[in-house]
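A.B. asks: Sequence:
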Amino acid sequence: MCRPPTDRPGRTRESMERWRAIMCPRLIRDRAAEAAYLVFGRRRLLGVAPARWGNDGSRTTSLRDARTLMKKTTYIIAMIAGFTLMSSSVIRAQTVLTGKAFVNVNLAGQLDESDFETTFSQSVYSQTASAATTATVGRGVMFDISGGYRVYRDIAVAVGYSHFGKTAHTKGVASIPNPLFFDQPATVSFDTTNVDRTDNSVYVLAVWFLPINAKTDVAISIGPSFTHVSQDLIAGMDIPAGTQAATPIIQRESGTAAGINVGVDGTYLFTKRYGAGVFIRYNGGSVDLDSASDVKAGGFQIGIGGRLRF
Numbered sequence: 006m007c008r009p010p011t012d013r014p015g016r017t018r019e020s021m022e023r024w025r026a027i028m029c030p031r032l033i034r035d036r037a038a039e040a041a042y043l044v045f046g047r048r049r050l051l052g053v054a055p056a057r058w059g060n061d062g063s064r065t066t067s068l069r070d071a072r073t074l075m076k077k078t079t080y081i082i083a084m085i086a087g088f089t090l091m092s093s094s095v096i097r098a099q100t101v102l103t104g105k106a107f108v109n110v111n112l113a114g115q116l117d118e119s120d121f122e123t124t125f126s127q128s129v130y131s132q133t134a135s136a137a138t139t140a141t142v143g144r145g146v147m148f149d150i151s152g153g154y155r156v157y158r159d160i161a162v163a164v165g166y167s168h169f170g171k172t173a174h175t176k177g178v179a180s181i182p183n184p185l186f187f188d189q190p191a192t193v194s195f196d197t198t199n200v201d202r203t204d205n206s207v208y209v210l211a212v213w214f215l216p217i218n219a220k221t222d223v224a225i226s227i228g229p230s231f232t233h234v235s236q237d238l239i240a241g242m243d244i245p246a247g248t249q250a251a252t253p254i255i256q257r258e259s260g261t262a263a264g265i266n267v268g269v270d271g272t273y274l275f276t277k278r279y280g281a282g283v284f285i286r287y288n289g290g291s292v293d294l295d296s297a298s299d300v301k302a303g304g305f306q307i308g309i310g311g312r313l314r315f
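If you want the numbering used here, it's the 1-based position in the sequence shown plus 5.
It should be emphasised that the hints constitute simulated quantities derived from the structure, not laboratory data.
Misleading hints may appear alongside valid ones.
Claimed, not checked - Below are the SDA-like pairs computed for lysine to any residue, each with C-alpha atoms no more than 20 Å apart in a straight line:
1) Lys301 / Ser259
2) Lys171 / Arg257
3) Lys277 / Val108
4) Lys105 / Lys171
5) Lys105 / Ser259
6) Lys301 / Ile160
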């Protein structure tokens, strides 16, 4: 396949080896190109003929043909890429959200637990009685509803409300002075007491819709939230006269926690107006109550519910 012409006088073995070292790679490459042309059809598939070599090792086609082949190949690749991008844009343009307004109604679970502490003291028997308590608010079920309106293309504004209620468990330890002697306090443990907790949250969101197809979309939202916390807690104790016993006094305290609401919501429409969806989000903050500081409100939430578009 790669033999130098031998009909020339004066050709030495060294010159034949040099010819082979220079010309053989080119010949192999061009023979492969010729085979490719034959497999795919006409030799001039892209308008450039395969290179040919004479007996004297001269090339009958110029480097300009190779450059032309490269340019045309690059042009075809660019056309294919452009067509692919145009097709993707057309598919995206044909996916239009249904309706301008929307309502989401969900049943969700709050995934975070929160703990808080209270401490207090009071005067008795001319001495000081003190107590410390801890309370735990566990996970629970919540109700959520929100609605919004698309103001520009895939951008919407929305407002929502959620309600969470749970029975918390609290317990404590108190130090009660002796009614007859100084510096002889008794330690009293409060039995575990059930207290109520409610969170009512209002939030305002900026929403970005990402249509997947005609029936499915994903919404990303973020905005401020305001959660009104109502918490029953042990804020004092009743000490019967002449004893070192104590009964906890439960009182309700409340405050508003300012926080953030950020989440992702996925919707699938069964019809143009009705569908179902799931969401996961963080809606939380903290508040200082009269008897307890840094009380956590909200947290991570996940839910499922109905979707309405109109």
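A.B. asks: All the hints need checking, so say for each whether the structure fits it.
C.D. replies: Structure-based check of each hint:
Annotation: proposed proximity of Lys301 to Ser259 holds, straight-line Cα distance about 12 Å (limit 20 Å). Distance restraint check for Lys171 and Arg257: the Cα-Cα separation of roughly 14 Å lies within the 20 Å cut-off, and the hinted pair is therefore satisfied. Between Lys277 and Val108 the CA atoms are separated by roughly 13 Å; this keeps the pair inside 20 Å, and the hint holds. Distance check on the hinted pair: Lys105 and Lys171 sit about 36 Å apart at the alpha-carbon level, beyond 20 Å; violated.
With a C-alpha separation of about 38 Å, the suggested pair Lys105 and Ser259 falls outside the 20 Å cut-off, and the hint is violated. For the proposed pair Lys301 and Ile160, the alpha carbon gap of about 31 Å is over 20 Å, so the pair is violated.
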